[in-house]
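Chemist: Each chain, letter by letter, is given below.
There are 2 protein chains.
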Amino acid sequence: MSDQVVEFIFYLVPVGSLLALFYALYLYFFVSKQEPGTEKMQEISNYVREGAKAYLSRQYKGVGVFFAVMFVILTAISFMDYLPKVVPLAFLTGGLFSALAGFFGMMTATKANARTAWAASKSLNSGLQVAFKSGAVMGLVVVGLGLLDLSIWFLILKYVLNRPIAEITATMLNFGMGASSMALFARVGGGIFTKAADVGADLVGKVEAGIPEDDPRNPAVIADNVGDNVGDVAGMGADLYESYVGSIVATSALAVAAGLGLRGVMVPMIMAVVGVLASIIGTWFVRSEEKAEQKVLLRALRKGTYISAVIVAVVSYPLIGMVLGWEHIGVFGAVLAGLLAGVIIGALTEYYTSANYKPTKEVAETALTGPATVIIGGLSVGMLSTFLPVLVVTIAILISYFVAGRGDFSMGLFGIAISAVGMLSTLGITLATDAYGPVADNAGGIAEMAGLGKEVRNRTDALDSLGNTTAATGKGFAIGSAALTALALIASFTEKVQFESLELINKLTEADGVVPQWLEEASKLNNFLDLTNPQVLVGLLVGAMLPFLFCAMTMKAVGRAAQSIVVEVRRQFKEIAGLMEGKAKADYASCVDICTKSAQKEMMLPALSAIAAPVIVGLLVGVKGVAGLLAGATASGFVLAVMMANAGGSWDNAKKYIEEGNHGGKGSDAHKAAVVGDTVGDPFKDTSGPSLNILIKLVSMVSVVFATFILQNALFK
Amino acid sequence: MSDQVVEFIFYLVPVGSLLALFYALYLYFFVSKQEPGTEKMQEISNYVREGAKAYLSRQYKGVGVFFAVMFVILTAISFMDYLPKVVPLAFLTGGLFSALAGFFGMMTATKANARTAWAASKSLNSGLQVAFKSGAVMGLVVVGLGLLDLSIWFLILKYVLNRPIAEITATMLNFGMGASSMALFARVGGGIFTKAADVGADLVGKVEAGIPEDDPRNPAVIADNVGDNVGDVAGMGADLYESYVGSIVATSALAVAAGLGLRGVMVPMIMAVVGVLASIIGTWFVRSEEKAEQKVLLRALRKGTYISAVIVAVVSYPLIGMVLGWEHIGVFGAVLAGLLAGVIIGALTEYYTSANYKPTKEVAETALTGPATVIIGGLSVGMLSTFLPVLVVTIAILISYFVAGRGDFSMGLFGIAISAVGMLSTLGITLATDAYGPVADNAGGIAEMAGLGKEVRNRTDALDSLGNTTAATGKGFAIGSAALTALALIASFTEKVQFESLELINKLTEADGVVPQWLEEASKLNNFLDLTNPQVLVGLLVGAMLPFLFCAMTMKAVGRAAQSIVVEVRRQFKEIAGLMEGKAKADYASCVDICTKSAQKEMMLPALSAIAAPVIVGLLVGVKGVAGLLAGATASGFVLAVMMANAGGSWDNAKKYIEEGNHGGKGSDAHKAAVVGDTVGDPFKDTSGPSLNILIKLVSMVSVVFATFILQNALFK
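Chains as they are written, first to last, in this note's numbering: chain A, 1 to 717; chain B, 1001 to 1717.
Think of the hints as simulated: they come from the structure by calculation, not from any bench.
It is possible that part of the hints are untrue.
[Claimed, not checked] Listed below are the simulated BS3-like cross-link pairs for lysine-lysine, each with C-alpha atoms no more than 25 Å apart in a straight line:
1) Lys33/A x Lys53/A
2) Lys1601/B x Lys1583/B
3) Lys1597/B x Lys1053/B
4) Lys454/A x Lys295/A
5) Lys1666/B x Lys1358/B
6) Lys524/A x Lys1358/B
7) Lys1601/B x Lys717/A
8) Lys1507/B x Lys672/A
9) Lys1666/B x Lys672/A
10) Lys361/A x Lys672/A
11) Lys507/A x Lys585/A
12) Lys601/A x Lys1358/B
13) Lys1061/B x Lys666/A
14) Lys358/A x Lys1053/B
15) Lys524/A x Lys1303/B
16) Lys40/A x Lys61/A
The model shown is predicted, which means the values in this text are computed figures rather than measured ones.
Model the full structure from these sequences, guided by the hints.
Modeler: This is how it looks when you write it as structure tokens:
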């Protein structure tokens, strides 16, 4: 392939982006034109929609302040010459695009819920189509906007500002921080929101007032439904948006460091485009027959994902050979390793959390001896379940490094990074199967509240139950990709430190200045990130502690936020005359607003500590300390996230397994014990655990952005 | 100080060792000659003693097999020239001395329990004296035997085998593995034993048969009391024996690496001797008045510990100046940092776990809303409580490194190692206050069972309650010292890798062979332990996962072992005629034997995985991978251990706080919820958490022993 063709090939990226966005628009219209169901259904759906809007408007206010402050800080740093001048602006666009992805995804999901329920009243396949296609809107919007952001800045940097390729990728590497910050707010805020509403609604509605679950008289019940969208749609979307963009920019930067130049930069970009096409094609294969069991439904969704993965694999092979040259075809091995690792981690998550398999069956059994044994059982499963995912990720790392690198260190690092891109390339469809879950969940709730027939309920139940499985595999996938992306970012961080050190040395040498020892050391890097170095060790210990601290803060936050919902629901029951009799409308928006407010308030401390940690550690113990911090946080955060997600998932399904009539069924002592496990699992799997994905990526991103600043201003260098 | 004096000064080490042992003997006689109380008391005490013996005899059988197998493996490796020939023998003595320390400590403790109860019937101070002095036997035996083992081998290596100092310290570094392995068995086995007996006794005795706690008719009740000694006396002793010996040999090896020669080697040894003296003097200050509150009692114990610490600090200053030369007086700063860090971590543990402070008060409050919130609350406190201890350890590391090293890397590492020695120097007395706890606990049980008066009960209660506090601080101290020791061992590991690589290169060069690249790299070390290196990364991820896997295995083990006790107790109730009427004696020994058997059986898998992990990782991804593994395991293991110990302690005390009449008191719903927390906390704080201390030291020790073997035989080098 000639250089001109390679240069030209870049234009496929904006084309792919627009393709994804237009196809998303097409799917959105498909969802919109479905019948919205009975008046009652529309009313409930509108409440959820209204609530979601209320959440978003408040969220953007809070986040807006944060972005304004960070913009000023970044601008100040860029004027001190520690950052390229365009970074503060790009920080804003990253946040904006991530927010837009969340907005579109959530608007579609809240539109699709009643429509899914209504379609399910016709046939199972119709219900599946509506729910899945609304999920696909989210998936395609995420990848479409991600590629759009990258395209715009690449074109500006290359053709407007005429920067050389090394500077372009170094600059673009800084962009991820906007998306990371937005993702943190979406994930942590959404996670706190959804669990606060869930727990709060249950405590007052079910326990105190004695009205059934999903009763529209409960002012918090809408907030609960909003929460599903807020946490599992918008939060998950922002999380993966960030992994997606992060892995691509990190890989591009490492491609340049490996001496692959523009050709290397093109590889992750083009793979993303192939992924868009593969995802769209994959969606065509998701369909089911009428008399379908859960297994058949699951197979329908899986078929779409697997076909996309195969397409990416098949197309990548010649593509990599032609763009990079056939001597670098080993890079294809890294892509394959990433793709496979993603699939395997998803399957492992299902194994540990589904009641079809031994681990969760055993957790259900421990419920027979009371809540304490359920907790110990679930925690054991969670801890045990860290073994294989770690093994899979480490094997993927080794394969990627050695197959792509074949002895060359920089090429090996590029290999690790590209395996993350491989894993995430089919994000359009994997995210679709994931965002499908809360839509089906909401549809079930609406069918129940609106009093649709038993057959419809059975169908929405089948769809919902499937959603739980895809949610679990989605979580595994999100964690795995976060770990690989974080590792790629660590590598980019060290490359950046080395690059900046050499630049500084050049400047000093030109000015006949003396090069200090720390700078000399930093420029040699390998001489530098030593595990016996106390600065690295300090960073490592603090890094390993950070996820624990973060989890503690988010779990406490859920508790406090739930408490404020309890107060509000009690107030409405008391003050709104006729509410209990169904004559007056509950003030859903106020409940949603309180949820949002306390979510926003409660998430500030954890979010700010995540952002501040690498900067503080860096300013104290230098870039060596930051490197240690990143390694420690990624390793312990990855393991802890897997543990919490799987323990939570296992408790949830153990409870459902008992509710199906096992070990005494609903209302038995075993069931009560299992409910305790489920309640503990809620913040585990929906708040703290998933937030760790962002934490490990965000600390890397912040470190990259502040690298130069830290390099020159640290107390111990 | 002349070189001759320095050489002569070594003889203070065996003298100090004998001093400790003879003083322990003196204290043992003091305890023995106390009146053993009523016949009933003696009977119960004898049961416990009998049970402890049964445990030890079984434990030594199981461990004997393990040591025999390891001896063969190590001998084979030493004949392949990967280890000095004396190491397999020293491995045995390390295990033997550690076992002896456990044996003497436990025998004294089981002798002191009834005597403490009887002494308490005279006055509070008498009770305190007996319990504390029996604890001091354990403390002094541990340090005495540790120093004896070191002295014997030092003298053999230096004067019988005439080895140079570098080889002596390198060889002695391998010795720790015997003590580590023994410690692992003692801690994990003891931890499983004690919790299996506890849970098993409660489930059948209290719940099924309806007999009160501590009723002698319950065959498992003695096993429960034995368990306190097995876990908290023998287990803790073996744990700290290992830290003690490990920190001294690691520091000696690093002293030689830092070019300090014999003088450097003498420093940790002599500091240990000073510590022995200081501990003995400290014990003289532990006394209380009759009308003492818990605070006064605590002050009495603290006084002893603090006086010892001050003595060590004051004496170390001139000692370091004279032995090392005043230009190295910075080393004193490292010692001080270690001493202080130990004290502060102990105090922090108390803050997080005592019901006198906010965190545990809040956990107690969460009991009002049920078991789920108690679990979330306790886990949050545990996770939150990792922040400050990590901060303290990292600050100690930085101070030690920079103050002792002043820019010199090897001296800095020596500084980190010596801070661990500083922290552990007063082990004689800190371990005494720790081993005091289970003695007081047993004494309370015996007073209850033997029907002693209310005033006596109040006194033993006061002593017992104090024991809970010292146990908590002891746990914090054990974790903190384990982390520092592990870090010193990591440094020793890398030094050893470098040393061996250089030796190999020399041999190859002499034989005109070609030096392979991996060996060249290994000999440069700094070029080598790079956090972006995939082998290091893989090790790091596996290392971070290892503590989680280990915890999962030990928690599951407790569950299964408790189940086998339930079966045995039921059998005895059914088969032994007249047992329930008090006419027949329960078969305590069989219960103890079953506890021991299942503890030994259940601990094999976790123990073997801990030993195998570094070897397997090493043989696959080389010494780079091992370095990553050690860093990952130490960082995540330290944080997880703090989390589990503090969450468990907090749940325990929250329950006690409610039992004192708060939030509804005993029998209320809040109390029931708190009991769930306490039950979950049991394996957290007494099995899995403390076992992690050994895990992180053992993996380092195994890595040190197998370093040369791994270096030459790894798949990826």
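Chemist: All the hints need checking, so say for each whether the structure fits it.
Modeler: Outcome of the hint check:
Between Lys33/A and Lys53/A the CA atoms are separated by roughly 21 Å; this keeps the pair inside 25 Å, and the hint holds. At roughly 34 Å between alpha-carbon atoms, Lys1601/B and Lys1583/B are farther apart than 25 Å, so this suggested pair is violated. Of the pairs offered as hints, the one joining Lys1597/B and Lys1053/B holds, with about 13 Å between alpha carbons and a cut-off of 25 Å not exceeded. The straight-line distance between the Cα atoms of Lys454/A and Lys295/A is roughly 21 Å, inside the 25 Å bound, and the hint therefore holds.
Restraint check for Lys1666/B and Lys1358/B: the C-alpha separation of about 21 Å stays at or below 25 Å, so the hint holds. A C-alpha spacing of about 48 Å is found between Lys524/A and Lys1358/B, which places the hinted pair above 25 Å, so the restraint is violated. For the given pair, Lys1601/B sits about 50 Å from Lys717/A by alpha-carbon distance, which is inconsistent with the 25 Å threshold. For the proposed pair Lys1507/B and Lys672/A, the alpha carbon gap of about 69 Å is over 25 Å, so the pair is violated.
As the CA atoms of Lys1666/B and Lys672/A are separated by approximately 21 Å, the hinted pair is consistent with the 25 Å bound. The suggested pairing of Lys361/A with Lys672/A holds, with an alpha-carbon distance near 16 Å, which does not exceed 25 Å. Note on Lys507/A and Lys585/A: the hinted pairing is violated, with a Cα-Cα distance of about 69 Å set against a maximum of 25 Å. Between Lys601/A and Lys1358/B the alpha-carbon distance is near 22 Å, which keeps this suggested pair within the 25 Å criterion.
Under the criterion of a C-alpha separation no larger than 25 Å, the hint pairing Lys1061/B with Lys666/A is inconsistent with the structure, at around 48 Å. Using a Cα cut-off of 25 Å, the hinted pair Lys358/A and Lys1053/B is violated, with the two alpha carbons roughly 39 Å apart. Proximity of Lys524/A to Lys1303/B is assessed by CA-CA distance (about 51 Å); at most 25 Å being required, the pair is judged violated. With a CA separation close to 32 Å, the supplied pair Lys40/A and Lys61/A exceeds the 25 Å bound.
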